[in-house]
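**Student:** What follows is each chain in one-letter form.
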Amino acid sequence: MNVQLAERPLATVFPGPATALAPSKTKITARDVNVFYGEKHAIKDLSVDIPDRSVMSFIGPSGCGKSTFLRCINRMNDTIPICRVTGKIEIDGQDIYDPQLDPVQLRARVGMVFQKANPFPKSIYDNVAYGPRIHGMARTGTDLDQIVSESLEKAGLWNEVKDRLGDSGTSLSGGQQQRLCIARAIAVSPEVVLMDEPCSALDPIATAKIEELIDELRTNFCIVIVTHSMQQAARVSQRTAFFHLGVLVEEGPTEQIFSVPHDRRTQDYITGRFG
Amino acid sequence: MTDLVAPLTGFASRRLDTTSDGARARLRARYRAEARFRWLGVGALAVTAVFLVVLIADILVKGLPAFWQHHVVLDVPVAADVVDPEGKRTPEALRAGDYMGVARRALAAAMPGFEGRTARKQLNEILSSGAADELREAVSGNPGLVGQTVEARLLLSDNADLYLKGVETEIASAAGTKGMATPTGTAGEIKVLLSANDLAGTLASVKTALAVRAEALEDQANALEQSGRKGVEESIGELRAQAKALRGRHGNADAAETLDGTMPSRLIAINGGLVKITTLSSSEATGEALVPLASADDAKPGTWQIVTYETPEDSRNINDRSIAILETLRSQGRIERSFNTLFFTSGDSREPELAGIRGALVGSFLTLLVTIGLCLPIGVMAAIYLEEFAPKNRFTDFVEININNLAAVPSIVFGLLGLAVFLNFIGLPRSAPLVGGLVLALLVLPTIIIASRAALRAVPPSIREAALGVGASKQQAILHHVLPLAMPGIMTGTIIGMAHALGETAPLLLIGMVAFIVDVPKSFSEAATVLPVQIFLWSDLPEPAFQAKTAAAIIVLLAFLFLMNGTAIWLRRKFERRW
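Residue numbers (this note's numbering), protein chains in the order written: chain F, 1 to 275; chain G, 1001 to 1579.
Treat the hints with caution; some may be incorrect.
Stated by the list, open to error - Simulated crosslink set (DSS-like; lysine-lysine; CA at most 27 Å straight-line):
| id | chain 1 | residue 1 | chain 2 | residue 2 |
| --- | --- | --- | --- | --- |
| 1 | F | LYS88 | G | LYS1474 |
| 2 | G | LYS1474 | F | LYS122 |
| 3 | G | LYS1207 | G | LYS1230 |
| 4 | G | LYS1574 | F | LYS116 |
| 5 | G | LYS1392 | F | LYS40 |
Unchecked claim - Which chain F residues stay away from chain G? Per the calculated CB distances, all over 10 Å, these:
| id | residue |
| --- | --- |
| 6 | ASP45 |
| 7 | GLY87 |
| 8 | GLU160 |
| 9 | LYS209 |
| 10 | ILE270 |
Keep in mind that the hints were calculated from the coordinates and are not lab data.
Everything numeric in this text was worked out from a predicted model, so none of it was measured.
Each residue gets a CB set at the ideal place from its N, CA and C atoms; glycine is no exception.
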């Protein structure tokens, strides 16, 4: 269900950057996507367009399929043997479920940040350098140093760790670890960054930092974020999609979803009547 | 308000009662049960600890003395005509010389007065057959020593060594203070005449021993009589007659007594020699000079002693003469105790004092090298495949179940398999570390696969996802991230598996690693034995010195096992990670 709506002027109930940006060209197109876990029909006939250089958030109650769809975008679901995906997902017009396409290369183009910060138990430097190394993105050591420092700067972590790049990534605090994971994801210069509830294990201050970071990253990447916090969705995203029971109920500009939702279920969810 | 007065129903009626007597009794019973449970645990632990302590203490007590060894230190004239009769002076010629000959000559020179073949032979019995090996090495390495007199350590025989470690007999010694002692000769059968009744006490204790023995015989006769068996009347009569004779000797307090091998040995130390008493009265002793006397002069009161070797000669592994010789050498300060390096530098031998565990250690090392070289790569690769790549279907389930079953197969079955396949079918050499290693590899492989899989499974999936998320292939994710994190666990499992293999005996018996092998193996295909099999072989030998060697080898084996398990624990502690 792809709901395209004309934008309406809105009262600025929602602060933050949501009102700032005009919609840009579409990066990811999904058409009639169905996902099955064995017998379970996890996502039903999902179609959505995700614009480039902006943030789109997926909201909805637990088990509604938003993480499942997120993991379809970089074919992470391939690692689950019983998972089956039908339909079409395109990035820049290229079908990512094309048998010719190598999922490993796809994942270099579509980075991912997970719910729980999962730095490698290696040094901070090696965490960030790992991706560029395996993809041969740096010809010399100085190139690699530059990629690492740029990525850490973009992730807003450089000033905190520049003197201890040799320390273990796991020695950082929770928020720092999550920013390290973001730095690791963007070090391979992906086109899309998927974030699966990146702040669910963090305190409000660390969350604020990450949200700020997401807002900055959107100038370079197409970002898709799954979140349980509607405030977070309102703060960081330009467009929002509401999932319910494996169905994409409604999708549109964030202001509109949170102020004048078209669907009764969306209305009930954002006003806290369920979920 | 009606709710308050309404009778309790449903949940309200079932609310937990914590105040009544019944409730308190239940609580007390629960506390008692908990205390009982705790004490049962403590008890189980205590029993285990006691067993362990007893076991280790027993092995240490038996084995530790074997780490020391006794030598006699003598000035040995290295006569050129004996060690190098052809006068070549090359190391080969010098190595072939008769060093035992010079060693015996030196011993004879240090203990003068042993005339005749038998006496000489008994003197030489205290030396090991390898006594001159050290001297041989020294001289062949330094030909300049030929013709000179060298102070050399000569290894003592196993029984002499055991005696010097104090396991054979206690020695008591009392000075003869009352009278003058006069020997009638210096060697052979002599008499020692006393001017007072210094031997009265000795005689009395001999007579008492006779009475005790008579009593024992009578008890035996009574027991036989009461048993009511038929056809034993004759034996009973004999026993009674013997007892009566003993009683008679006991009753006649002043009559001379004859000593035999069933009684403690009594000797007179006089004029630098030792006379073993065979017949004694209160003021006269007849006996054999075990160590010849320096002279037949009178010995003043206080200068001679009555010596008792408490354990009867018949119950010992060493005879009176050897003890007498060793005691004399010891009083001359010629006995030296030192660390038993031979135990770690030589292979097996028929002579306990020459036997060492070097061959078994090297054999174990070579065998384990083959085992780990096969097991680690195969086990880890199998584990990675099963854990990370294998599709979940009936075939992999079947493989999994069988790997777990294989871990429980008795080890001797692997030995039979090795015998049938490696020796009989493939035709690999018998008794070789190569085959031993192959068989042990079969034995340890399931352990390593199971441990490795557990270690791989313990790596959180978030690490795999993180690697896949930045575009690593599955293989890269495993090799770069999962395997390094699983390595401590894999190493721990491997070391424990190796410790298991190190202690394994049964399968190696079947493939012929149980042979008596003197040479230290130099390659994987040479005949060899391993530590536990060496222990098994030694434990079977009759010489008491080998029992000590057995315990000593067990100590070495346990030390290696503790070391390996300690390493495993250390690895686990050092690299243990929590997510």
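**Student:** All hints, please: hold or fail.
**Tutor:** We went through each hint and held it up to the structure:
1. F:LYS88 / G:LYS1474: 24 Å, holds
2. G:LYS1474 / F:LYS122: 19 Å, holds
3. G:LYS1207 / G:LYS1230: This hinted pair is violated, its Cα atoms lying about 34 Å apart.
4. G:LYS1574 / F:LYS116: Holds: G:LYS1574 and F:LYS116 sit about 25 Å apart, inside 27 Å.
5. G:LYS1392 / F:LYS40: 19 Å, holds
6. ASP45: 27 Å, holds
7. GLY87: For F:GLY87, whose nearest Cβ neighbour in chain G is about 22 Å away, the distance exceeds 10 Å, so it holds.
8. GLU160: 20 Å, holds
9. LYS209: 20 Å, holds
10. ILE270: F:ILE270 clear of chain G: closest Cβ-Cβ about 30 Å, beyond 10 Å.
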